[in-house]
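We have chain A already, so just place chain B on it with the hints.
Heads up: the sequence lines are chains A and B, in that order.
Everything in the first sequence is counted per the working numbering, starting at 4 for the first residue and increasing by one.
Everything in the second sequence is counted per the working numbering, starting at 4 for the first residue and increasing by one.
Please note: incorrect hints may appear among the correct ones.
Each pair may be met inside one copy or between any two copies, as identical chains are not told apart.
[Said to hold, decoys possible] Calculated cross-link-like contacts (lysine to aspartate or glutamate; reagent style DMTMM-like; alpha-carbon spacing at most 20 angstroms): (1) K62 x D34; (2) K62 x E24; (3) K62 x D18; (4) K365 x D196; (5) K365 x E236; (6) K62 x D90; (7) K338 x E390; (8) K326 x E336; (9) K326 x D274; (10) K191 x E394; (11) K224 x D245; (12) K338 x E24; (13) K365 x D304; (14) K197 x D170.
Think of the hints as simulated: they come from the structure by calculation, not from any bench.
There are 2 protein chains.
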Amino acid sequence: MARIVMKYGGTSVGDLVRIREVAQQVKIEADAGHEVAVIVSAMSGVTNQLVDYVDHAAKLCDLREYDVVVSSGEQVTAGLLAVVLQDIGVPARSWLGWQIPLRTDEAHGNARIEDVDTTDLVRRFAEGQVAVVAGFQGVDSRGRITTLGRGGSDTSAVALAAALGADRCDIYTDVDGVYTTDPRIVAKARKLDKITYEEMLEMASLGAKVLQTRSVEMAMKHRVRLQVRSSFERLPGTLVVDEDEIVEKAIVSGIAYSRDEAKVTLTNVPDRPGTAARIFGPLADAGINVDMIVQNAAVDDKTTGMTFTVRKSDLDRAVVVLKDQQPDLGYGELKADSNVVKVSVIGVGMRSHAGVAQSMFKTLAEKGINIQVISTSEIKVSVLVAEEYTELAVRSLHSAYGLDAT
Amino acid sequence: MARIVMKYGGTSVGDLVRIREVAQQVKIEADAGHEVAVIVSAMSGVTNQLVDYVDHAAKLCDLREYDVVVSSGEQVTAGLLAVVLQDIGVPARSWLGWQIPLRTDEAHGNARIEDVDTTDLVRRFAEGQVAVVAGFQGVDSRGRITTLGRGGSDTSAVALAAALGADRCDIYTDVDGVYTTDPRIVAKARKLDKITYEEMLEMASLGAKVLQTRSVEMAMKHRVRLQVRSSFERLPGTLVVDEDEIVEKAIVSGIAYSRDEAKVTLTNVPDRPGTAARIFGPLADAGINVDMIVQNAAVDDKTTGMTFTVRKSDLDRAVVVLKDQQPDLGYGELKADSNVVKVSVIGVGMRSHAGVAQSMFKTLAEKGINIQVISTSEIKVSVLVAEEYTELAVRSLHSAYGLDAT
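Chain A on its own, in the form it takes in the complex (with noise of 0.2 angstroms):
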C-alpha cells in the first residue's frame, strides 16, 4: 500500500466525460489499495472568465475578493469529482483549502504555502476514503480564502504531498512528460526518464510551462518524488527526482526559450560607486523583477552602459520609473527592446563538464545569431538573442548537444 498524490489541471477536467475519466484513473489507485489524494484544477477556461469577471468590475481590485471570486472554480471541480467518484463506487469527499485547512500567509493573489494540517485527511485514508482537494487555494490567519498564483494547483499537490509524507506525487496533464525542448519547435524533442529538480526548475522559470515554479522548489525541498505525466494516456512520464538516482547524467538535458522577455538599455550612465543600486532600487520598489544584467566597460573611465531585461509587461512600468529617476542617475539614452527571446541551454552535468557555454556561442555563431546578453549559472548558460531567432537557435542548440531524437 503506498500513499499517492494525483493532481490533474484544467484541460484533464475540462468537462464532466472528462472528469469521469479521471475518476477511472483514481478508481485504479484506489482498487490497488493505496490511499489517494486527488487535487483538481478548474474547468479548463472557468477560472480565465472569472479572472475576466474581476477585471472588468474595477480597475484596482482587493485581491481578497479576487481570491473570493476565483478559487470558486476549484470548488465546482472538487464538489463534481467526489460525485462521480462515488458514483462509480468510490468513498470520496471534497476538501476546500479552508477545509483541510491548507494555510497559507496574506499575500491574496500569490499566497505562499505556510502548513498542511493532514490529520483530518488521515483520519479520512484509513477509513478507505479518497480525498478530492480543491487545489489553488488555502485560507490564511483571518479564515480569508487565498490563491496561489496561476498554476499554484501543482503547488497544492506537491504541498501535500510533502505534508502526507506520499510515497508518490503524480502531475497528470496535457502532455506526457517534460521534453528536451518544446516539441512544437523541435519535432525531433525527446520526452525525458528523468530529471534533476535543479533542472526542472530552470526548465520551469525559463519558460516551459510544465509545472509551476514554486511547486518544483517545494519538491525539491521536501524530496516530493515528483512524475509528470499524461492524463490521457497510461504511459510513464518524467521523474522529477535528486541529481545522484540519475547514474547518466547528459551534460546538456534540455533547451529553454522565454519569450517573455524585454531589454532596457541606459547608456552613458556616469561609473561611480553605487550605480547600480541608484537604478535598480527603485524598479525593486515597483516590484518590477531584473533579471539578465550586463554592465560594459566604461570606455573612458567616466561613463558605463547598462543592459538588462524586465518581464514584457513590466517594460512600460519601467521605462516611467527610470525616465523619474534620469536626473538623479544623469545618464544620456533610454533604449527599450521587447524584440527578444532568451534561450537557454540547462544542464546538471555542465558542474563537471567545461566549454558548454563556448558550444553554445560557436552554434549561435554559425548560424549568424548574435547574441546580445549572456547569463550563467552553474547549471545553464542564457542567451538573449532577436526574437526572429527563437526557432533557429533552439533547433540548433538542439542538434549541437545531441538532443535530438534517431
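Same frame as chain A, but now just chain B:
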C-alpha cells in the same frame, strides 16, 4: 442611523452592469450613515448550470457535494459586489456562510438555519464597512457547506436581519411588490402596500413565488420588518407586517393559485379505524407531502372514498407506493389526475367575516367551474378545479372580491 439588510436576487445581479446598479443603491444607504448588510444570490442562470452539472455527474448524488458545487455561485457574486463597492468608494468585504458563520443543521440541499453569529459583522459595521453576504449558504457543525433550498437567499436575509436586530429587511426583486394575484393572469391585479405575515405565508406556500415560504415563517417568528420591492425602480414596495399594523383589513387580500398539484383518488377503501394512517403513513415514509384530503362518507357503511393531492413531481412515486400497499389497504381503484390547479382566496379579514367561502363557491358555480376538493384554514379557502379553468377562476374571484384596480 438604522441597520438595514438588503437582499438581491439572481436577475438583480445578472451581470456586471446590474451589479454596479446594486452597488449604487447600497451606496445611497451607506452614505446616509446606515449600517448595511447586502445578501446576494448567484448571477441568474448560474445556479441552474451548476445544478445541471451535478445532475449529469451522477443519478444519485451526495447532497454534501451538491452543496459544495452549487454554493459557489453566490460566492462569485459576493466577491464581485464587494469589488465594485470598493471601486465606488464604499468600504466593503464579502462574507461566505462559513466565514460569518451562519450555522445550519446537516440537512444538505435544504438545510435549516440554527444560529447566526453576528459578532464580526457588527464589529465591521462600527468601522463603516458594508457586509456583502453570499446568500443561500451556511455551514454545518462538521464544517461542511450547506445550502438552504431554492429561494434560500430570502431566508439568509431574514435570518441575518433577525440576528442583527435590523430595522428593515428589503427584498429587492424583479417585481415591485406583492400583488393581489398574478398580474400575468389578471391585468387588473393591484400591488398591495401592506400584507400580513400570515397572508404572505399563505401566498408564498400557495404558489406566489415572491418569497421563499421559510423566510416568511422566520420573519413572522422574529417580527422582521420585511419589504418586497423593485431592484430597478426606487419606489416603495409591499411591507410585510404584523396584523395590528394594518388598520383597514380587507376581507380578502389576494388570490393565489398553484399548478404544481396532482389529485389521487382511492375508491372502495374499507371503512375501518386506521385506514387514513395506513394510506398516509407509507407516503410520509417516502417523503411525499400530502396536501388537501377529503374522505367521502361511506356509501354502504363498509367502504369509503379517499381523495387527496400531492405535488405533481411526487405523483409517480405516490402511485408506486400506493400500488405496493394495495393488498394491505384493500382499496378498489386508484385514479391519478395531474390536470388540476389549486386556487385559493386569502385574507386575515376572513376570521371575522362569514360567507367568504360561500361567495367563492357561488362565483365558480356561475362560471360553470366544478369544484373537486375543498380545503379551508382560518385565513384561506382553497379549491381544486380542472387546470383549464385556472385563468377564468382566478379572474372571476379577483373581481368578485372587489380586488380589481379601478
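Which numbered hints does this structure break?
When the structure is compared with the hints, numbers 1, 4, 5, 12 and 13 turn out to be violated.
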